[in-house]
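Given next are the chains, with one letter for each unit.
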Amino acid sequence: MKAAVIVFPGSNCDRDLKVAITQSMGHEPAMVWHGDSELPETDLIAIPGGFSYGDYLRCGAMAGNSPIMREVVRKAASGTPVVAICNGFQIATETGMLPGALLRNADQSFICKDVDLLVSAENERFVGGFKTGQVIRFPIAHHDGNYFADDETLRRLENEGQVAFKYTTPNGELTDEANPNGSLNNIAGIYNKAGNVLGLMPHPERLISKELGGTDGRTFFNNLIHSIA
Amino acid sequence: MKARVHISLKNGVLDPQGKAISNSLHGLGFDTVLDVRQGKTIELDLTDMSKVQAETEVDRMCQKLLANTVIENYSIELVD
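Protein chains in written order, with the numbering used here: chain A, 1 to 229; chain B, 1 to 80.
It should be emphasised that the hints constitute simulated quantities derived from the structure, not laboratory data.
We put the CB at the ideal spot given by N, CA and C, even for glycine.
Misleading hints may appear alongside valid ones.
Lysine-lysine pairs mimicking DSS-like chemistry, simulated, CA-CA at most 30 angstroms apart [said to hold, decoys possible]:
#	chain 1	residue 1	chain 2	residue 2
1	B	Lys2	A	Lys193
2	A	Lys18	A	Lys193
3	B	Lys51	B	Lys2
4	A	Lys2	A	Lys18
5	A	Lys75	B	Lys64
6	A	Lys75	A	Lys210
7	B	Lys51	B	Lys64
8	B	Lys64	B	Lys40
9	A	Lys113	B	Lys19
10	A	Lys193	A	Lys75
11	B	Lys10	B	Lys64
12	A	Lys193	B	Lys19
Here are the in silico distance ranges between beta carbons for each label pair [said to hold, decoys possible]:
#	chain 1	residue 1	chain 2	residue 2	range
13	B	Lys64	A	Asp36	18 to 28 angstroms
14	A	Ala77	B	Lys64	12 to 22 angstroms
15	A	Thr215	B	Arg60	23 to 33 angstroms
16	B	Val79	A	Leu212	50 to 60 angstroms
17	B	Ser50	A	Glu122	50 to 60 angstroms
18	B	Ser50	A	Leu212	24 to 34 angstroms
19	A	Gln134	B	Val33	43 to 53 angstroms
20	A	Glu122	B	His6	42 to 52 angstroms
21	A	Asp150	B	Thr56	23 to 33 angstroms
22	A	Glu152	B	Arg4	24 to 34 angstroms
Kindly generate the complete structure, drawing on both the sequences and the hints.
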């Protein structure tokens, strides 16, 4: 089992992601610089959070066009699993790997807190460690996490089991109050049509031990690694 | 040849910044403001080429990088 973490200028969750993957995989992932045009042999690609290229133009716009992303898009299309977190999610939508876009948070503020998430669709590879309908907890830390897609795309995501996570109350109610950023349908994470690309705004890599306040992230990565290995 | 690209959010896409500006203007007493949408302008300095060529070239730039057509509209203005 081999994993690769893509590193852009301005990424700031790449090392947290490395720690989380190493903890679950037993050895370190390759750290791949954005300017490289080739990926090492890998069974999992992780695109980290941060502020790639300073969020210039639009979050993820510049990173989406970097040399390594052409290769990531190609690998994703041939079935390699990709997990794209926070800025990684923004980058994945910019490349078209995932539908929709992430807009500025509805109340304009940068939000940094733990949130409750409803596991909304089955996908053995990404959420096999949880039950569908289970409420789990990951932190969010973003300014532009307000998920938007046109009506038709939204319907397709809902009907075809492509909504991975929704912002929820602790007891599983999808209320406006539980929605931190204005995302349509409380969407916090989605899969591509083939189910091998997951994009999510919350950070599973930030809750991987009791000392950090929770272990749902550890469950996430343990399952992800073991389902691929 | 110079080109100006005007980028704005599509109708129906929430514009929190526009909303905040609108609220501030109302706070200053500008009750004539009904709605505000914020966009951006990008100015490009181009090598010499025909207007038709420039239009095509800048349109490709918009499609590939400058605009995200999932959420944004753009228009191109050429300036001699």
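query: Per the hint of 12 to 22 angstroms, is the separation of the Cβ atoms of Ala77(A) and Lys64(B) within bounds?
result: holds (18 angstroms)
message: Checking one constraint from the list: CA of Lys75(A) to CA of Lys210(A), max 30 angstroms. Satisfied?
response: violated (35 angstroms)
task: Check the following: the C-beta atoms of Glu122(A) and His6(B) are separated by a distance inside 42 to 52 angstroms.
output: holds (44 angstroms)
message: 24 to 34 angstroms was suggested as the range; check whether the CB atoms of Glu152(A) and Arg4(B) agree with it.
response: 32 angstroms Cβ-Cβ, so the 24 to 34 angstroms window holds.
- request: Mind checking the alpha carbons of Lys10(B) and Lys64(B) for me, to see if they're no more than 30 angstroms apart?
  value: Between Lys10(B) and Lys64(B) the Cα gap is close to 18 angstroms, so the pair holds against 30 angstroms.
query: Falls inside 24 to 34 angstroms, the C-beta gap from Ser50(B) to Leu212(A)?
result: violated (60 angstroms)
message: Hint check: Lys113(A) vs Lys19(B), CA-CA at most 30 angstroms. Holds or violated?
response: holds (24 angstroms)
field: Holds or violated: Lys51(B) to Lys2(B), with C-alpha atoms at most 30 angstroms apart
entry: holds (10 angstroms)
query: Given the proposed pairing of Lys75(A) with Lys64(B), does the C-alpha separation stay at or below 30 angstroms?
result: It holds: about 20 angstroms lies between the C-alpha atoms, which stays within 30 angstroms.
message: Need the status of pair Lys2(A), Lys18(A): alpha-carbon distance at most 30 angstroms?
response: Roughly 12 angstroms between the alpha carbons, so the hint for Lys2(A) and Lys18(A) holds.
- prompt: Per the hint of 18 to 28 angstroms, is the separation of the Cβ atoms of Lys64(B) and Asp36(A) within bounds?
  reply: Given range 18 to 28 angstroms: holds, Cβ gap about 21 angstroms.
- prompt: Does the Cβ pair Asp150(A), Thr56(B) satisfy 23 to 33 angstroms?
  reply: Roughly 27 angstroms apart at Cβ, these two residues keep to the hinted range, so it holds.
Taken one by one, the earlier hints fail for this structure at numbers 1, 6, 12, 15 and 18, listed in ascending order.
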